[in-house]
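J.: For reference, the chains in residue letters:
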Amino acid sequence: MVRLFTRDSAAFVFLAPALSAIFVFFFIPVFASFLIGFTDLDIYALGDLSKVRFVGIENYARLLKDPLFWQALFNTFYFVIVAAPLSIAVSLGAALALNSKLAMFKPIFRLTFFMPVVTTLVAIAIVWRFIYHPNFGVINYFLGLIGLHPIDWLGDPNWAMPAIILMAVWKNFGYNMIIFIAGLQSIPEYLYEAAVIEGANGWQQFKSVTLPMLAPTTLFVSIITMIGFFQLFAEPYIMTQGGPLNKTLSIVLYMYNEGFRWWNMGYSAAIAFVLFFIIFTGTIVQLKLQNKG
Amino acid sequence: MSRKIRRQYAQGECYPLYLPINEWAPFIIFGLQTGSELLKDNNTYGNFSSPAFKKAFAFLIDFYHQGLAPTGLTQVTNIYKAFSQGYIAMYISGPWNVPEFKKWMKGDLADQWMTAVLPSPDGETPGYSIAGGSSLVMNRYSKHKKEAWKFIEYLSTVSSQLTLFKLQSDLPAVKDAWNDTLLLKDPYMKAFYNQFRYVKSLPKIPEWEQIAFSKVQQYVEYAARGKMTVDEALKKLDEDVNKILEKRRWLLKQKVHGKD
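Protein sequence lines, in the order shown, are assigned to chains F and S. Each residue of the first sequence is one higher than the one before, starting from 2 at the first, in our numbering. Each residue of the second sequence is one higher than the one before, starting from 50 at the first, in our numbering.
Calculated directly from the structure, the hints in this document are not laboratory data. There's no promise every hint is true.
Derived DSBU-like pairs: lysine-lysine, alpha-carbon spacing no greater than 35 Å straight-line [to be verified]:
#, chain 1, residue 1, chain 2, residue 2
1, S, 284, S, 104
2, S, 192, S, 103
3, F, 248, S, 284
4, S, 155, S, 104
5, S, 284, F, 66
6, S, 192, F, 52
7, S, 224, F, 52
8, S, 130, S, 239
9, S, 253, S, 304
10, F, 248, S, 130
11, F, 248, S, 103
Use the sequences and the hints to build the structure in full.
T.: Now the structure itself:
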């Protein structure tokens, strides 16, 4: 039989469908929006392409002077820096609790904790709007029981972002929890047995066996969480529309408004690339830190 | 009048006027009433710092500062319920809201509310409002112009206009439709009929939506919450609007050069 393909080219043929899909649906659009970022493509130009101007780096220069962009950048970092570690800590805590030999009804808890992840955010947002309601909300009811003044969670400029963070952490920790549980279950039992023989207490076991063995899982979880949280959009879009006083305006929400509400595609594309660059840098920094550690 | 209403309530949290900080329309309406030109130089520059608009803007912002209108959005989750419970006493809205208000103002409350034309700065009512609504347009490149025109004609008949009104309280644009008993008998529609003779139109440019929804609203909120003074807010508003209109200035310039 004549061999039509060498080993390498055969592999390439098998990969071709996937590669071409990535090329058509990823690389071309990304390249196109990179180009759009250097034009002023807007509602006039969408109607008549002769009205597009090439503006060079003007979109990026305008971004640097745009107070709303800086506000959105600040809000996004605020969200990521507070919510990501919190979310990872909560998922790890839940995973440890559910992996413990003492825990009962494990499947029920696992299901309950995972439920928010698979529930659509719109439904969740409606419920949380009630929870956060300044007059009838359950959180303010409990605050009242211990004698604290009610807080207008979503209406107060200082409390809106913490409220969004709380909701986002609650919605997302179940996903990371499942990954952590898988990580915990892959730690061989004999390591703990050895630790016990050496006389290690619970905390020492956690610090010296569990955490190091979980390091690859933690790296994966933190990168995925960071990337996901930098793209904060649906929570403020549904709950606050970026308000009050733009305190919950995230980069992606700003990008969406500029691009798809006001049709400033060029400006919007520039925002997208700034976000891409931030996430890219964040991922590399995390990988570097992990390799050192 | 708002202060009078406030005194009548005396206790409990309530507001004479509901002026949502995410609605630009009242500010633009009152601005038109004081005779301000919203955009100047053929709609290429913002004109919100003009004394006329400033007067209207400051007048409405004062409602927030005096506690006559709520500054939060979360305080009123259901405007109809808030109205029927006396949490708010006045609300600026359109005819589309009348059926829903009727639903909530039941029993003893049924004859306790009414619609009214907008007040005007000189005390003579009615003051100007914006017509809102939308236009029927035929595309220049349409292949079915005849059919489109027929459809527009059909929508403009008295009977279709009344059907639309019955379905969703869209006020008829055809004057003859107003002679129908359905409208004459509805006391809540009378104010809207009178208001119709006192309307001004908004700048007809594609950028208007962004100016109104994103910029006017943003600076209304900043001023209402006391983050900026009225002067600061309007100056920034003009700056932002001028940036938005940069493309329009360029396009108009191209046109002029093209003709030379």
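J.: Each of the hints needs a verdict: does it hold here or not?
T.: These are the hints, each one checked on the structure:
Proposed proximity of residue 284(S) and residue 104(S) is supported: the alpha carbons are some 14 Å apart, at most 35 Å. Distance check on the hinted pair: residue 192(S) and residue 103(S) sit about 48 Å apart at the alpha-carbon level, beyond 35 Å; violated. With a C-alpha separation of about 21 Å, the suggested pairing of residue 248(F) with residue 284(S) holds against the 35 Å cut-off. Restraint check: the Cα-Cα separation between residue 155(S) and residue 104(S) comes to about 39 Å, which exceeds 35 Å; the hinted pair is violated.
Restraint check: the Cα-Cα separation between residue 284(S) and residue 66(F) comes to about 17 Å, which is no more than 35 Å; the hinted pair holds. Among the hinted pairs, residue 192(S) with residue 52(F) is consistent with the structure: their alpha-carbon atoms are about 25 Å apart, no more than 35 Å. About 41 Å separates the Cα atoms of residue 224(S) and residue 52(F), which puts this hinted pair outside 35 Å; it is violated. Only pairs whose Cα atoms come within 35 Å are accepted, and residue 130(S) paired with residue 239(S) is accepted, the gap being roughly 24 Å.
With a CA separation close to 18 Å, the supplied pair residue 253(S) and residue 304(S) stays within the 35 Å bound. Annotation: proposed proximity of residue 248(F) to residue 130(S) holds, straight-line Cα distance about 28 Å (limit 35 Å). Distance hint between residue 248(F) and residue 103(S) is fulfilled; the C-alpha atoms sit about 26 Å from each other, no more than 35 Å.
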